[in-house]
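2 protein chains.
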Amino acid sequence: MIILKVGGGKKINWDYIAQDLKKIREEFVIVHGANAWMKEISERLGESEKMIISPSGQISRYTNEKTMDILTMVYSGLVNKKIVVSLQKYGINAIGLSGADGRVWLAKRKDAILSFQNGKTKIIRDSLTGKVVSINTQLILQLVENGYVPVITIPAITPDGELINVDNDRAIAVMAKDLKIDEIIMLFEAPGLLTDPNDEDTLIKEVKRSELEDYFKKTEKRMRKKILGVKEAFDNGVKKIYFGDGRIPFPVSSALNGNGTIFS
Amino acid sequence: MIILKVGGGKKINWDYIAQDLKKIREEFVIVHGANAWMKEISERLGESEKMIISPSGQISRYTNEKTMDILTMVYSGLVNKKIVVSLQKYGINAIGLSGADGRVWLAKRKDAILSFQNGKTKIIRDSLTGKVVSINTQLILQLVENGYVPVITIPAITPDGELINVDNDRAIAVMAKDLKIDEIIMLFEAPGLLTDPNDEDTLIKEVKRSELEDYFKKTEKRMRKKILGVKEAFDNGVKKIYFGDGRIPFPVSSALNGNGTIFS
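For the protein sequence lines, the chains are L and F, in the order given.
Whatever position you read off the first sequence (first residue = 1), add 234 for the working numbering.
Whatever position you read off the second sequence (first residue = 1), add 234 for the working numbering.
Wrong hints could be hidden among the right ones.
Given that identical chains are not distinguished, each listed pair holds provided it fits within a single copy or across any two copies.
Said to hold, decoys possible - Calculated lysine to any residue pairs in the SDA-like style (CA-CA distance at most 20 angstroms, straight line):
hint, residue 1, residue 2
1, 323, 254
2, 323, 299
3, 344, 450
4, 245, 269
5, 455, 290
6, 342, 442
7, 316, 298
8, 323, 303
9, 316, 303
10, 342, 243
11, 257, 371
12, 323, 396
13, 365, 381
14, 316, 395
It is worth saying that the hints were derived from the structure and are not from the lab.
Just so it is clear, the structure is predicted and the values come from calculations on it, not from any experiment.
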């Protein structure tokens, strides 16, 4: 079984992904983002997104109740179902789930998060943010064994039944551990990890596990979180992680064939 | 197994429903609406809802692509997940699904629908509207056997992988047939079927199957569609249908005990 994580940009081509998955003889669990839609719908609803930067430079979404409503609509509704139909169109029997459904992503809420702004550190207590701590592997395996492709996204759920925003990239590290997964593919709107994020010709073809710390320090924002996810996935027993381009034909095969970045 | 259909009003008390379900020793499949939220979010997005009235008096939602996006967000995202967490909070392992997930509600799109307005009949061809024709019973039974409570809502999906708006009340009649279900409970924001829809003291305690045609002619709008759903459910082998109040404590037991309207 392979975990396929796909970013939430609008240039991701789900027709290409579906056509490719249909041909590959392998079981997949899909995790996806929805950033671009989240930004658009938030603006249309007059609720601009607020980001929190931690003292260590981690970026995350400030998620109060209003934001959680929009996030739930956009991620587990609009985008999740758009992906489900894209896959169904090519005969892949996709089932969309939020982390709350069947407690597939059980999470712990953070009591407080630190925000670093204008040289000052602030404590934020009302953000519905947390971390996935365990996976309902029984549900995922049961669906996969019956020929379904689970398509999973935020929010996650706490044991008390509260919806919680978690980081998708770090959630897949926990999934990999609980499902004993060897390989993860991450597709986004770039050919892979780039030396210069603004120049697609600066693709890094290979990264050794020992070099990860260096890359973590060098990268910024979302890519930094992806590198953190990669680190955690390795710590959780994953052997190989592929970064690849979600905009091109045969994006999954292409990543597996080493046309993006291979972490090993 | 019982199908529990719950209306989409904001006065429906999901805590009461969850507490009640937790105590009843029976398997449930839940179907829900989200009308009140649909109206609110549509307005906030500047897309007012348009209704179509057929020449025979049926009312339905005009569903173009924009409406479908909002419908998908609100029904299968926001409200579906709110219900899932309400149930999870009381230890009911709910899994929210749209009709598209695992093709649980496979539908046929209508080529055209008739709209009757200002004395004229118009043909509408771009409404993503249809009818559920079959149910993925294997998926529902597999989930229920493993202790999950499926929580299902629109949209449905066509064989070509298109999202389609269908009538929830009529979809449950097809579910009842395919799942060989004897009993359906329908909860909404009223004590049951009323002689005068504006007077909650005019509850009709019992309706015989032979009287349905009369009631169909007498009722209007949404209630008329519910009566149509009841008729179709009886045609599909259902033995008893309960209408009950979704706002009160123990709403499910209360309906089963005959405190609403019993159709038999």
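Each hint, compared with the structure:
no.: 1; hint: 323 - 254; in the structure: within (13 angstroms within a copy, 39 angstroms between copies)
no.: 2; hint: 323 - 299; in the structure: between (34 angstroms within a copy, 17 angstroms between copies)
no.: 3; hint: 344 - 450; in the structure: neither (23 angstroms within a copy, 53 angstroms between copies)
no.: 4; hint: 245 - 269; in the structure: within (12 angstroms within a copy, 32 angstroms between copies)
no.: 5; hint: 455 - 290; in the structure: within (11 angstroms within a copy, 58 angstroms between copies)
no.: 6; hint: 342 - 442; in the structure: neither (31 angstroms within a copy, 52 angstroms between copies)
no.: 7; hint: 316 - 298; in the structure: between (25 angstroms within a copy, 15 angstroms between copies)
no.: 8; hint: 323 - 303; in the structure: between (29 angstroms within a copy, 18 angstroms between copies)
no.: 9; hint: 316 - 303; in the structure: both (18 angstroms within a copy, 9 angstroms between copies)
no.: 10; hint: 342 - 243; in the structure: neither (27 angstroms within a copy, 31 angstroms between copies)
no.: 11; hint: 257 - 371; in the structure: neither (25 angstroms within a copy, 27 angstroms between copies)
no.: 12; hint: 323 - 396; in the structure: between (33 angstroms within a copy, 8 angstroms between copies)
no.: 13; hint: 365 - 381; in the structure: neither (29 angstroms within a copy, 26 angstroms between copies)
no.: 14; hint: 316 - 395; in the structure: between (26 angstroms within a copy, 10 angstroms between copies)
In this structure, the earlier hints numbered 3, 6, 10, 11 and 13 are contradicted, and the remaining ones agree with it.
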